[in-house]
Structures are given as structure tokens and as C-alpha cells.
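Student: So the protein lines, in turn, are chains U and W. Residue numbering for the first sequence follows numbering that gives the first Met the number 0, starting at 0 and increasing by one per position. Residue numbering for the second sequence follows numbering that gives the first Met the number 0, starting at 0 and increasing by one per position.
Incorrect hints may appear among the rest.
Straight-line distance between alpha carbons at most 20 Å, and here's what the computed EDC-like set of lysine to aspartate or glutamate pairs gives [as the list claims (entries may be wrong)]: (1) U/K45 to W/E145; (2) U/K48 to W/E169; (3) W/K175 to W/E145; (4) W/K175 to U/E19; (5) W/K168 to U/E19; (6) U/K48 to U/E19; (7) W/K26 to U/E19.
No lab work stands behind these hints: they were computed from the structure.
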Amino acid sequence: MSGFTKVQIKEGEMLFWAGEVANKLYIVQKGAIQLLDPRSSQPLAKVVKGESFGEQCILSDGIRSATAMALEDTECIEIGGDGLRQLLAAQSPLITSLFQALLLQLHMHNTLLLKPKPAAAA
Amino acid sequence: MDTETDTDTSANSNTSIPAHFSVNVDKIKLVDVGNPLSPDAVSMYDGHGLSAQDRLYFCLRQSTTLGHCVFNPGEKIAVRGDRVHFAQIVISGDMTASDEENNFSYGPGSVIGLAEGMANLPYSFTVTATTTVTTRFIPVHDAQQELMQLNAGLRGICRTAIVRTLGLKEIPENLK
């Protein structure tokens, strides 16, 4: 994986919009990012230092399903999707399906605004 | 279905119309029925005529490695609190889903139990087929085994998706 770049986003600025081609993954170094539902603009998740977002870039034809906005002045490391996609391509088909299905489930939960309540194991 | 995702997020147990999730199957059919390499199909796929979830569904449905399952109307696909052995990706059909407070309606593109299973947590929702439902399934134990062998970067992305999907505050022990 190469091509790490630092990006600075000012409070209130958008880093990317839902519907854009996803070709980079981000890791928050400083500040915080809010992921927003593109239809309702409701917050989906707050991403803070050490956490990543933009996972759609791992798929060769991934597109953004959420909009990312800086909640404060924020610094992120930007990782090109090409390297991640090469890594994924070297894995088994089950792993590729796992990533696709996890991202689809995440999207489903975001769409329905699901907040699962833990169930006691039967 | 006119919109990319047919969704009503306002519903809960106090309303008569439950929130609904489904990919846009009609649009996807335009891409892969007939000739998937036709100019229209290629144009739609390349031109982002498909939403993020439509594309993921399209890829999963075409998978040559995942097994198939069929559920009859009235059959339970998942029971809240039960351990997840096989996560289901819904290819066709309709379902209801419920926990202690909410009711939802699921359609094609819904994913049942994957994040929970990967985190060694039980099903969050009871899901019942209301029509004949076809799925592709992921054996959770196999997926967990392969995840542990993965490069740390990819494993981290997977972990993030699981934690965010389930709204967890901490990383589950088995994914650390």
C-alpha cells in the first residue's frame, strides 16, 4: 500500500458526497468526521481519531453511500484504493463476498437507521 | 419501485407501515437481463445508474462461490437471540423483521445476521418470510477463519464495518 497523503478539512467542509466514485479510504488523525445520510442528512456515524471511513473504495466499482463532513478542523490520512483492491483481489472469493455483504448490511442499517439492541443468546 | 431505495424510516411499532429496505431490482434487471454487455447495460453500470447498494447486491447475486437457500412463506429465517451459523443475503422475496420495539420490512438486498455472526453475537432481529425468499448464504465460521488470516489493513476495514453496523462501542473480543 503506498500513496499515503494527509488531508486537512475545515469545520463544516465536505470531504466527499454520497454518489461519488469511492477511490480512497481515510483514517482520522485529528478532529472528527460526521457521516451523513444523503436523503435525510441525518447523522449516521461520528468518526474520530484512529478510526477509518470510506470503506467502499475497497471495491473496484464502489461508490460513496454517505456524505462526509468535518465536525471541526480535521486531519485525515488518505489511502489510495488501488493498493487495497490489489490486496483484496489476492484473497479468496469468500472474503470478497464478505466485504461486499458487510458493506451492504452497513448500508441497510444506515438506511433503516437501525440501532440493534443486543439480544440475549438463546 | 421508483426510487433507488424504497425506504420509510419513520416507522416503528406504533405505525402501520413498517420501514422498508430493498435494492432497486427493476433497475438491476435492465443491466443483467438479456445481454449484460449491451450498450444500455454498460452505460448504466459505468454511468452510476446503480446506487452503492444496487452494485453490491449485483455482485453478490452473481457470486459463484456462495450457496443458495430457499425459505417458504411463514418460515423463520432468523430468530432474535439465536446464534448465527449462516448469514443470508436476500436475492428475492419479502420478509418482516422485528425486535422488541420495531418492525421492518425487508426485500431483496437485505443482509441478515452477517455483522452479528462475525462478532459472535446472536441475531438482533427475528426475520420471517412473507413470500418465497431466495438467498445466498455465507458460512460464518468459515468467514471468521479466513478473516483471521487476512492482512491487518483489510481486517481493520472489516472490523470497522462490523462495529459501525452494530453500533458497538467496543471492538468485539473475537475481532481484536
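Student: Against this structure, judge whether each hint is valid.
Tutor: How the hints compare with the structure:
Simply put, U/K45 and W/E145 have alpha-carbon atoms about 29 Å apart, too far for the 20 Å limit, and the pair is violated. Annotation: proposed proximity of U/K48 to W/E169 holds, straight-line Cα distance about 15 Å (limit 20 Å). For a cut-off of 20 Å, the pair hint linking W/K175 to W/E145 stands: about 14 Å separates their Cα positions. This hinted pair does not check out: W/K175 and U/E19 have alpha carbons roughly 32 Å apart, beyond 20 Å.
Proximity of W/K168 to U/E19 is assessed by CA-CA distance (about 29 Å); at most 20 Å being required, the pair is judged violated. A hinted pair counts as satisfied when its Cα atoms are at most 20 Å apart, and U/K48 with U/E19 does not qualify at roughly 24 Å. Restraint check for W/K26 and U/E19: satisfied, since their Cα atoms lie roughly 19 Å apart, inside the 20 Å limit.
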